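Trainee: Listed here are the chains, written in short residue letters.
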Amino acid sequence: MTQTTHTAIADQVDDSHHPQSFISKYIWSQDHKVIAIQYSITAIGVGLVALVLSGMMRLQLGFPDQFSFIDPSSYLQFVTMHGMIMVIYLLTALLLGGFGNYLIPLMIGARDMVFPYLNMLSYWTYLLAVIVLLASFFVSGGPTGAGWTLYPPQAILNGTPGADNGIVFMLISLAIFIVAFTMGGLNYVTTILQARAKGMTLMRMPLTVWGIFVATILGLLAFPALLVSAIMMLFDKLVGTSFFMPAILSLGENIDYKGGSPILFQHLFWFFGHPEVYIVALPAFGMVSDVIATHARKNIFGYRMMVWAIIAIGGLSFVVWAHHMYVSGMNPYFGFFFATTTLIIAVPTAIKVYNWLLTLWQGNIHLTIPMLFAIGFIFTFTHGGLTGLMLGNVVVDLPLSDTYFVVAHFHMVMGVSPVMVLFAAIYHWFPKVSGKFLHTGLGKVHFWGTFLGTYAIYLPMHYLGFLGVPRRYYAMGTTDFIPESAQALNASITISAIIVGVIQLVFVFNVIWSVFKGKKAGDNPWNSTTLEWQTSQTPPVHGNWGPSLPVVHRWAYDFSVPGVKDDFIPQNVHPDQVIMLEKEDGAEMVKGAENEEGMQNNKSGDIT
Amino acid sequence: MTFFRELTDKPWLTEYVPLELTETKAESNELPAKTALKFFLVVVTVLFVLFTITFLSRSQANDFQALSGEPWLPFTDASQLWINTTILLFAGVCMQLTVFFLKKEQINRFILLISCGCLLSCLFIFGQINVWQQLYYAGFALTENPANSYFYLLTGIHGLHIIGGVLALSYVVFQFWLKNNKKRLLDNLTLCTVYWHYLFVVWLFLFALLTGNTATYKSIALFCGF
Numbered sequence: 001m002t003q004t005t006h007t008a009i010a011d012q013v014d015d016s017h018h019p020q021s022f023i024s025k026y027i028w029s030q031d032h033k034v035i036a037i038q039y040s041i042t043a044i045g046v047g048l049v050a051l052v053l054s055g056m057m058r059l060q061l062g063f064p065d066q067f068s069f070i071d072p073s074s075y076l077q078f079v080t081m082h083g084m085i086m087v088i089y090l091l092t093a094l095l096l097g098g099f100g101n102y103l104i105p106l107m108i109g110a111r112d113m114v115f116p117y118l119n120m121l122s123y124w125t126y127l128l129a130v131i132v133l134l135a136s137f138f139v140s141g142g143p144t145g146a147g148w149t150l151y152p153p154q155a156i157l158n159g160t161p162g163a164d165n166g167i168v169f170m171l172i173s174l175a176i177f178i179v180a181f182t183m184g185g186l187n188y189v190t191t192i193l194q195a196r197a198k199g200m201t202l203m204r205m206p207l208t209v210w211g212i213f214v215a216t217i218l219g220l221l222a223f224p225a226l227l228v229s230a231i232m233m234l235f236d237k238l239v240g241t242s243f244f245m246p247a248i249l250s251l252g253e254n255i256d257y258k259g260g261s262p263i264l265f266q267h268l269f270w271f272f273g274h275p276e277v278y279i280v281a282l283p284a285f286g287m288v289s290d291v292i293a294t295h296a297r298k299n300i301f302g303y304r305m306m307v308w309a310i311i312a313i314g315g316l317s318f319v320v321w322a323h324h325m326y327v328s329g330m331n332p333y334f335g336f337f338f339a340t341t342t343l344i345i346a347v348p349t350a351i352k353v354y355n356w357l358l359t360l361w362q363g364n365i366h367l368t369i370p371m372l373f374a375i376g377f378i379f380t381f382t383h384g385g386l387t388g389l390m391l392g393n394v395v396v397d398l399p400l401s402d403t404y405f406v407v408a409h410f411h412m413v414m415g416v417s418p419v420m421v422l423f424a425a426i427y428h429w430f431p432k433v434s435g436k437f438l439h440t441g442l443g444k445v446h447f448w449g450t451f452l453g454t455y456a457i458y459l460p461m462h463y464l465g466f467l468g469v470p471r472r473y474y475a476m477g478t479t480d481f482i483p484e485s486a487q488a489l490n491a492s493i494t495i496s497a498i499i500v501g502v503i504q505l506v507f508v509f510n511v512i513w514s515v516f517k518g519k520k521a522g523d524n525p526w527n528s529t530t531l532e533w534q535t536s537q538t539p540p541v542h543g544n545w546g547p548s549l550p551v552v553h554r555w556a557y558d559f560s561v562p563g564v565k566d567d568f569i570p571q572n573v574h575p576d577q578v579i580m581l582e583k584e585d586g587a588e589m590v591k592g593a594e595n596e597e598g599m600q601n602n603k604s605g606d607i608t
Numbered sequence: 609m610t611f612f613r614e615l616t617d618k619p620w621l622t623e624y625v626p627l628e629l630t631e632t633k634a635e636s637n638e639l640p641a642k643t644a645l646k647f648f649l650v651v652v653t654v655l656f657v658l659f660t661i662t663f664l665s666r667s668q669a670n671d672f673q674a675l676s677g678e679p680w681l682p683f684t685d686a687s688q689l690w691i692n693t694t695i696l697l698f699a700g701v702c703m704q705l706t707v708f709f710l711k712k713e714q715i716n717r718f719i720l721l722i723s724c725g726c727l728l729s730c731l732f733i734f735g736q737i738n739v740w741q742q743l744y745y746a747g748f749a750l751t752e753n754p755a756n757s758y759f760y761l762l763t764g765i766h767g768l769h770i771i772g773g774v775l776a777l778s779y780v781v782f783q784f785w786l787k788n789n790k791k792r793l794l795d796n797l798t799l800c801t802v803y804w805h806y807l808f809v810v811w812l813f814l815f816a817l818l819t820g821n822t823a824t825y826k827s828i829a830l831f832c833g834f
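Read top to bottom, the protein sequences are chains A and B. Okay, so the first sequence: first residue is 1 according to my numbering, each after it adds one. Okay, so the second sequence: first residue is 609 according to my numbering, each after it adds one.
Isolated chain B, as found in the complex (with noise of 0.2 angstroms):
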């Protein structure tokens, strides 16, 4: 709550000028680029909160055919996705398991985990391609409903940031091996650890709200009164 201490804060006062410890103590020692991260994260956070607010609301126009609820439909049977889902928690625990061995200076095992969780964050979108080619053969084309619509968006752009992911982590990797400074390496795979563990929560929301079916979708529209 130190931000809205400070708002209250009158400076041109003779009662404040705590001296001692404005002026001799630099503001704050967060590692910046975990105040950026948290901030990328409420922007990628509104990003998806956007996209469902629309997709609640498409959901009640009569043309709308959920993907799941009757035996025909892909997703009643999501197996599947359930095991993209594993694949995306494990890559998860390694990339926390590749913070941890670091730490502990066990640099075999940080190497094999932090590979693992790239070839496990990439399968997951091969995976997640593989769904779209299952739904796509079976007659779910990405024009022919907006649930199927909304599904292929959604997903990809899910998928994007996993990607995007990789590319800072494959940068992060790189930097060490230029300039090898093992703090920093620290630093950066613990803030590539909280975004893919976001990421995790992210797939999950979107899991469910994708794979939801008709009456769900009318419930949640009349609590949030659409």
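Just chain A, same shape as in the assembly (with noise of 0.2 angstroms):
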């Protein structure tokens, strides 16, 4: 093949058009930007449905057979539901659909994605994903109840919920997703790579799009899984192949099929579940990294650790996933092998949290909604980071296993904290999507609830866990080993549940008023660094930048440089440019690169 040269993308003249008319600005949009919104919109909107589901779960749990409308079958097939839309189609869509396409081309100073039309195809097949799983809510015998796992053989047997349509809607619908997904990451990969802005090297780039970019690769690399374990099971399910299905005698019966495994289907989904968790925290990170950076004024400490932080807990994510199956059958060696990786991830991660923390360390802290979030994360992602450690272990996984201590541990980590990120974000880049602030007193009460909401929730969970309640169980009935206030604490729970339920109306009620009512924000509201606030309209127009993209003459953490006028540099202002301190007697000190240079060895010292 001969080598062709071609002008990189940041050199090349806008020759974009366009678009006039409402459907092609709105609907059939083809513009990140908007696209973003749609992703944001349906993620959140689905993501509600699955709030109401587990409230729905909740009520049994904490008020046993006092509400008709929950028996056991719609119990579990609450509980798979809430599982599979929160993990996959709201902080999956949300995080990276969402956030990813909004973000990237503005932070890396592009115009748009590299395929804006593939863009919009992954939306619409996002869309279709979501429908197809909605529409099982309505099927005959309603959706599936296998847990959000899917395990076979249980998953596609009479006798489980959903058996015959759910799990097949399900299937279709991961698959559906999958393909959208992929449309999507393609894009988000080939924009990072080929669409920076002049002098946006990979080492100035926010750690937003640094955690994007390698989640986005792994979801490239780990989606896959997911598809073949659900093309396999659906060929189990519809044409009667037994991929996943041992020999079986169902209901008195013997059923069709022979010598298949269900624990490959386990190997098959943990390989995908797995590196999902990180799929969902890695962008977290990234945003979170930022909004303290900014939120603390000060540079984010240990730039560089954070990266390749990034891009090891990104490659160790693929070989912890049987920490999921300590007690499904597989060989005890493996245990040993992946408790021990299990250990391993944990130290990039740790690094993660030492450094938010020394970034807050003597910063400037400006405790704005998005800081409290951002604090409350932290705080979250430790808890529920330490029980993961505890889990990882084989012995103390076994008696936990299946417990609520096991529910506890995965919502602080994987439920609570990607979420704090996501307000973090949400109130953080809400000025710059829609002009307008989010109002601050609702923003505190929506705070304070869910943060201490979610430890009225999740704290006591831990302790039930300990006095061996089952996950997944419709009721408790006589237990003999559990005691009775057992279920006192279970409905205390609950009422938790409600209330954090009831506040996340609160942030519903905000961004509907902020966005017609709300405080006027301006360009760069937070006096940030990054190049997405350098816009010259807020919000940003169709691509992006007028008529000449920035150029980046510096990283994205200039906060607080000594010597200098403003608490911040932003990326795109040349060094020349830069406003000095004034000296005592008046006369304005040397700019330029000599007094960068002076600037730049002094925050050396706390960078390396």
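Just so you know, these hints were derived from the structure itself, not from any lab. Treat the numbers as computed from the prediction; the structure is a model and nothing was measured. From the three backbone atoms N, C-alpha and C, an ideal C-beta is built for every residue, glycine too. Certain hints may be false.
[Unchecked claim] List of simulated lysine-lysine pairs, DSSO-like, C-alpha gap at most 30 angstroms:
hint : chain 1 : residue 1 : chain 2 : residue 2
1    : B       : K646      : B       : K791
2    : A       : K198      : B       : K791
3    : B       : K642      : A       : K198
4    : A       : K198      : B       : K826
5    : A       : K258      : B       : K791
6    : A       : K565      : B       : K618
7    : A       : K25       : B       : K787
[What the hints assert, rightly or not] Simulated DEER-style distance windows between Cβ atoms:
hint : chain 1 : residue 1 : chain 2 : residue 2 : range
8    : B       : F672      : A       : S140      : 31 to 39 angstroms
9    : A       : L48       : B       : G772      : 34 to 42 angstroms
10   : B       : K791      : A       : G543      : 18 to 26 angstroms
11   : A       : V395      : B       : G677      : 39 to 47 angstroms
12   : A       : S140      : B       : F698      : 32 to 40 angstroms
13   : B       : Y744      : A       : M330      : 34 to 42 angstroms
14   : B       : S665      : A       : P332      : 12 to 20 angstroms
15   : A       : S250      : B       : S665      : 19 to 27 angstroms
Could you use the hints to bring the two separately framed chains together as a complex?
Mentor: Written as structure tokens, this is what we have:
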């Protein structure tokens, strides 16, 4: 193949056609910002459905047999749909489809994604996946109640709710979602690699972009495992093959399956499932780093370490999957290996937590709403992470497996923590998306209600786990080893959960109210350094940058640089244009590279 | 190795800042679609590797009956599959020549060969469906045995990728017809050709995998530690 030279994207003339009609501008839009908002609204909408489902299952657990509309089957269906929607259709879609789409081109100084049409297709395919998923509520037998892990053989056997149609809709919806994600993911990685503005070297990228970049690569490599398992299980269900189905006697009858391996499904599922944790966590890590640095007015501590930690976590996340399977009957020697890798992956993760704390240390901390949520995240993530270390050890996991302790752990680390970051990110970037601030008072109610409320939910849940209360049970009945007082705890958890759920309505109201009546924000309300805040219009128009693209002259974290007038220097400010502090006698200090050098030396002591 | 070199950069230090390099030259001049194709091929590779791992694992079960190795098994004589392989090989050759003649601006040959490339790819699909029919009528139906299931499943998924390629190629030609941008056509055809060669290699791999005999699977599984 001969080498042909192409003009780099940052050197190309802007020849994009700006859409005129309402439909091409807001419906069939190819603008990454509109697609991001479409992704976000769909994801939050379906997430609210999942929130209601969790409320229903909590009602049953807190006040058993008080509600006639929750029977054992529907309880299992609520559990399953809540889990799957939250993990895949809300968190993955909102973090990558929503924030990834909005922030990547703006943060790296591009006009749009490199394949805008594919980007549009990605959203509409995602919407189709959501519709197919929600359609399963209306088919006969209802949605699947197999648990979000969809383990065979029970997922497709009679006796499990939704085993006739619900599971088929679920698997098809997942396959469609993976197609949508692959289209989006190829776009994100190519855009980050190819369309960066001049001067935007990899190590000048904000950590948000790094997080999204590595998470997308993880997604591209991990989702095929889910696709493989979904296709093979569909064959088992619809055609009658025996990929995962062993010989089975069901309800007194021999079923036409033989020889398949259910554990093979578990390996495949968790080979996807564990990287999925980091597909959600890495963008959250990146975004929280930027929020903390901006609102503490301090450069992120150990930027390079943070980047390498993201890459290391990404790599290691592919070799820890079987810590979800200690009790599955796999070869016991696997447990030793996977417990070891699980402990190893905690090292780069801990580095990140230390670096966030050290960024806060002696920072000029502004307790804005995004910062409150970011600090809240550090709490919830540390707690969830530490219980993860406990469960990562085989001997500790065995007695705790399938108890509420596990539920509490993964909700703290994978539910509450990314959601805290999502709220931090929404409060932080909403002024750029809409041009308006979200209301601070309502934001405080939202934060304290959510933060304290989630602790009121999940701290007691750890204790229930220690007592041995198993997860996924519709009702405990009379059980000797669990004291009756556990029920009182369960009731209090339910009340907390309902309060937290209702408080989210404050947030929804805040968003809708602020879009129309919010305080005007201006272009760069948080005095941020990164490129998305440097657009000449807010919200940015189609093409983002007007006639010429920005040129990047510095890394993303020039906050509180000594000797400089403002406490931040945007990435696109040329060294000659940095305004220095005036000396006491009123004469301006020498501007330009010489001073830059002094500043940089001063800074570098912090970082290297 | 630029990517890894860049990871060691310290743009916040004084001695860094090679201004002339970073701020006047944009990052990369590779065709974006080429980068995307590379990632896409990695994704497809992961997909087939995972299928292969499940195949090897499943092949160790007692009920697994390989499709060759004994005279009465269908792929002990795999001549029909060899014919299909040759067809797919020629489809790839046609695609390669298409790029060659487009560069030489020999339009008639270009049209002839791109049509041949498409037709041979479709012929390959029909050839595979023919093999499916023969298998079915010989009593090797989809659910009879996991080896049969895998044969139908993997050839089907490979076939879907070929059909996807033909659709993408049609889109590329359609775009040329609309916009008459020859450089873009050449770029995109080059990428299509890479995809065709890739799918040919995947097919060779699947061919070898699916037509192995029990002893082969046992030794591979032993080697891999299953």
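Trainee: Indicate, hint by hint, whether the structure satisfies it.
Mentor: Status of the hints after comparison with the structure:
1. Taking the CA atoms of B/K646 and B/K791, the gap is about 20 angstroms. The hint holds against a cut of 30 angstroms.
2. Distance restraint check for A/K198 and B/K791: the Cα-Cα separation of roughly 25 angstroms lies within the 30 angstroms cut-off, and the hinted pair is therefore satisfied.
3. Note on B/K642 and A/K198: the hinted pairing holds, with a Cα-Cα distance of about 21 angstroms set against a maximum of 30 angstroms.
4. In summary, the hint linking A/K198 to B/K826 is not supported, as the alpha carbons are separated by about 55 angstroms, beyond the 30 angstroms threshold.
5. For the hint linking A/K258 to B/K791, the alpha-carbon distance of about 55 angstroms lies beyond 30 angstroms, and the restraint is violated.
6. Distance check on the hinted pair: A/K565 and B/K618 sit about 24 angstroms apart at the alpha-carbon level, within 30 angstroms; holds.
7. Restraint check: the Cα-Cα separation between A/K25 and B/K787 comes to about 23 angstroms, which is no more than 30 angstroms; the hinted pair holds.
8. In this structure the hint that B/F672 and A/S140 lie 31 to 39 angstroms apart at CB holds, the actual value being about 36 angstroms.
9. At about 36 angstroms, the CB distance of A/L48 to B/G772 agrees with the hint of 34 to 42 angstroms.
10. About 24 angstroms separates the C-beta atoms of B/K791 and A/G543, a value consistent with the hinted range of 18 to 26 angstroms.
11. Hint check: A/V395 to B/G677, Cβ distance near 46 angstroms, so the stated range 39 to 47 angstroms holds.
12. Against the hinted window of 32 to 40 angstroms, the Cβ-Cβ separation of A/S140 and B/F698 comes to about 50 angstroms, which falls outside the hint.
13. In this structure the hint that B/Y744 and A/M330 lie 34 to 42 angstroms apart at CB holds, the actual value being about 36 angstroms.
14. Remark: the range hint 12 to 20 angstroms for B/S665 to A/P332 is upheld by a beta-carbon distance near 18 angstroms.
15. Between A/S250 and B/S665 the CB atoms are about 24 angstroms apart, so this pair conforms to the stated range of 19 to 27 angstroms.
Going through the hint list in order, the structure does not satisfy hints 4, 5, 12.
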